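Starting from the given sequences, assemble the full structure and let the hints guide the process.
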Amino acid sequence: MNQRAEYLQAFFDLSEVILLSLTKSGQVNFINPNGARIIGWDSEELLGLNWFEYCVPEDSQHNAKQAVDWIIGGNLTEISHRYPVRAKAGNRTMVSWKSKVRNNEHGVIVGIYATGTEVRYNVESEQDEQTSAAKYRAIVNAAADAIITSDAKGIITSFNKSAEEYFGYRREEIIGRNIAVLTPESHRSQHDQYIRNYLDTGMKKIIGIGREVIGRRKDGSEFPIELAVTEAKVGQDRIFAAIIRDITERKCIAAQLCSRNLELQQLQEQLFHLDRLHIVDEMASGVAHEMNQPLTAIINYASTGKRLAEENLIDRKGLLDIIGRIDQQAQRAADIVRMLRNMMKKRAAKYERVNLIQLIQNAIELVSSLNTDARDVSISTEWPDTAIIVEVDVVQIQQVVLNLINNSLDALSSQAIDHKTIDLKITTQGNGFVRLSIHDNGPGVTPSHRSRLFESFFSTKADGLGLGLTICRSVAAAHGGDIHYNANCTNGAEFSLDLPIIMATT
Amino acid sequence: MKAPIDLPVYIIDDDPAVLDSIVMLLRLENSAVHTYPSGQTFLNHFDPKEGGCLVLDISMPGMSGLDLQRKLMQLKPIVPIIFITGNADVPKAVDALKNGAMDFFEKPFSADALLEAVRHALRVSHDRLHEYNAQERSSDFLNQLTQREHQILKKIADGKANKAIAHELGISQRTAEVHRANIMRKAQVHSLAELVKLTSLKCS
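Line by line, the protein sequences are chains R and D. Note that the first sequence covers residues 5 to 510 in the working numbering. Note that the second sequence covers residues 9 to 212 in the working numbering.
What the hints contain is simulated information worked out from the structure, not anything from laboratory work. Hints are all accurate, no fakes.
If you want the footprint, here are the derived chain D segments under chain R, 3+ residues with CB under 8 Å:
id, segment
1, 19-29
2, 58-69
3, 116-128
Label-pair distances were calculated between CB atoms; the ranges are:
id, chain 1, residue 1, chain 2, residue 2, range
4, D, E124, R, L317, 12 to 22 Å
5, R, S384, D, M81, 34 to 44 Å
6, D, N141, R, L317, 29 to 39 Å
7, R, Q270, D, N107, 52 to 62 Å
8, D, D55, R, S452, 52 to 62 Å
9, R, L281, D, E124, 36 to 46 Å
10, D, H42, R, M343, 29 to 39 Å
11, D, D55, R, L317, 23 to 33 Å
12, R, S384, D, K79, 22 to 32 Å
13, R, G434, D, V102, 54 to 64 Å
14, D, E124, R, A391, 49 to 59 Å
15, R, Q362, D, N141, 56 to 66 Å
16, R, Q362, D, N107, 38 to 48 Å
17, R, D339, D, V102, 25 to 35 Å
This one's a predicted model, so the numbers in the text were calculated from it and none came from an experiment. Beta carbons: idealized from backbone N, C-alpha and C, even for Gly.
As structure tokens, this is what we get:
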């Protein structure tokens, strides 16, 4: 027995628990010293004081008393409950209580015994408990996204403020209706099917996956939304929460971006076009010369034919011969016009597989016939034996080659040398590229100009636009290739155009 | 319009169709039309003593029309040049005309205008050729004369009679008469007037 009292005393002294005995009216008739110290009192001081008045915050007194009265009233012999205590200094501590009736020797209820343990962070969690539902509602309501919950059958159970704004329904009128009313007619039957499918098979078509779908407002108008659906289980019930974002604006921006890209593309095409016009302009005198040849021939043939016919000096066969020659020259003139028109035509890029060698030969022919400077220059070529197939926009790549050859011709035209040469050479590179090198024996590019060669509006020509090489480089880049100046070239200038090769065939 | 003079016409152009059509046109009036694809091939065949006219493209690869004109100027310019050009290049036209080109046509030109220009050029060539031939004859004749004959020719040209010439040179009148007859024979003329004309060509 002594032993037991010793244990009890030891545990009593050690315990950081409030051990409290109250009368029916709430007066303290016992409190352990450790417990009193938790709330900043001496245990002696509290004896006889009303517990609720002195030690419970005012806003909790009612609740605390009610719980105690519940026991004293004889409803239960023992309860677990929580209420905060107020320390002498005024600070609040949440305490978890276990309370039990106290009977006298006659079995009459005279008060309660209570043990209380401090609850960490109790104030906040108490507030959470009281307000979490309200807070949750507030958050859901304040969310910019529409949040709608429904039960397993698709009946709407909640509808937040953004949902009201998005869909034009008030909460009262939509709750209880099927969520399918928020989707376009055409999707409705599908929607029910989605839910049923999911419930039946567990296959997720939309659960947990953000999707772009179409929403339908109360007024019947439709708008693009991004939809994410989450599923939760409450007891035995499944509920679905749909989080919906109006993406009308995003779609709009995407469309704008798209049109900006289109504008940029058009701008670039205009630039190509301008450059082509510039090439045509540079060749204008050549074009006039080229055009005048067939016209001269036609006029001479026609005059001759006319004179011979007037003087009855020609038979049918002779006339036909002359007309045939006229026809031939007229075709030649028409070809020149056609080619010019093609050069000046605005066009969208068109990629096709062609033999690079053929493409470059055509470009050389074009330059030779149109650029009078080419007459004094010998243009030599060195091709591989195989056809070099590339996938390119023929007009654009031809434009690059024309640009490079014209540049060389320009450089050579100012030179007083006897043997002006331009050498074109195609070599396949090991890395899946083919290289066209264009070398001339002109003055070359001064080292200080080399780094600026491909800059826009940089030109060493008096009437140069300074766009030719810039455009060449962008064309090459658009084809996955590049163009550069060969700085190692000591005799004249050398440019290289690299293009991805599709294949080389014999 | 005078009757066409049938001297050769040379056409030099690097465009085969232009060349062909001009040949056909000029053959309406001229029997001798020759074509050359370049200035050099023309020079290889050309005889500077012959007349005719040249229809010449001003801009050709290799030797240009202007280059050829400069080369021809070193020879005797019996052959007038009519330039034709594909592009109206004023400085080139000025150069060509300064160097004595007869005409300058911009392609495409009127066929009649070219025909007329060729006619005119051939007349000019004909006249030049005549003059040239006369000069040739004159110098050939003078080269055949002996020193004594030169002395006597000078006095004949001064209007002196045989008697006066014999007296001045201290020879017999008969000898002077023989010299005069030899001079007339070498000059291949029959009158004094003709002789004087032939002589004055050279002296002028």
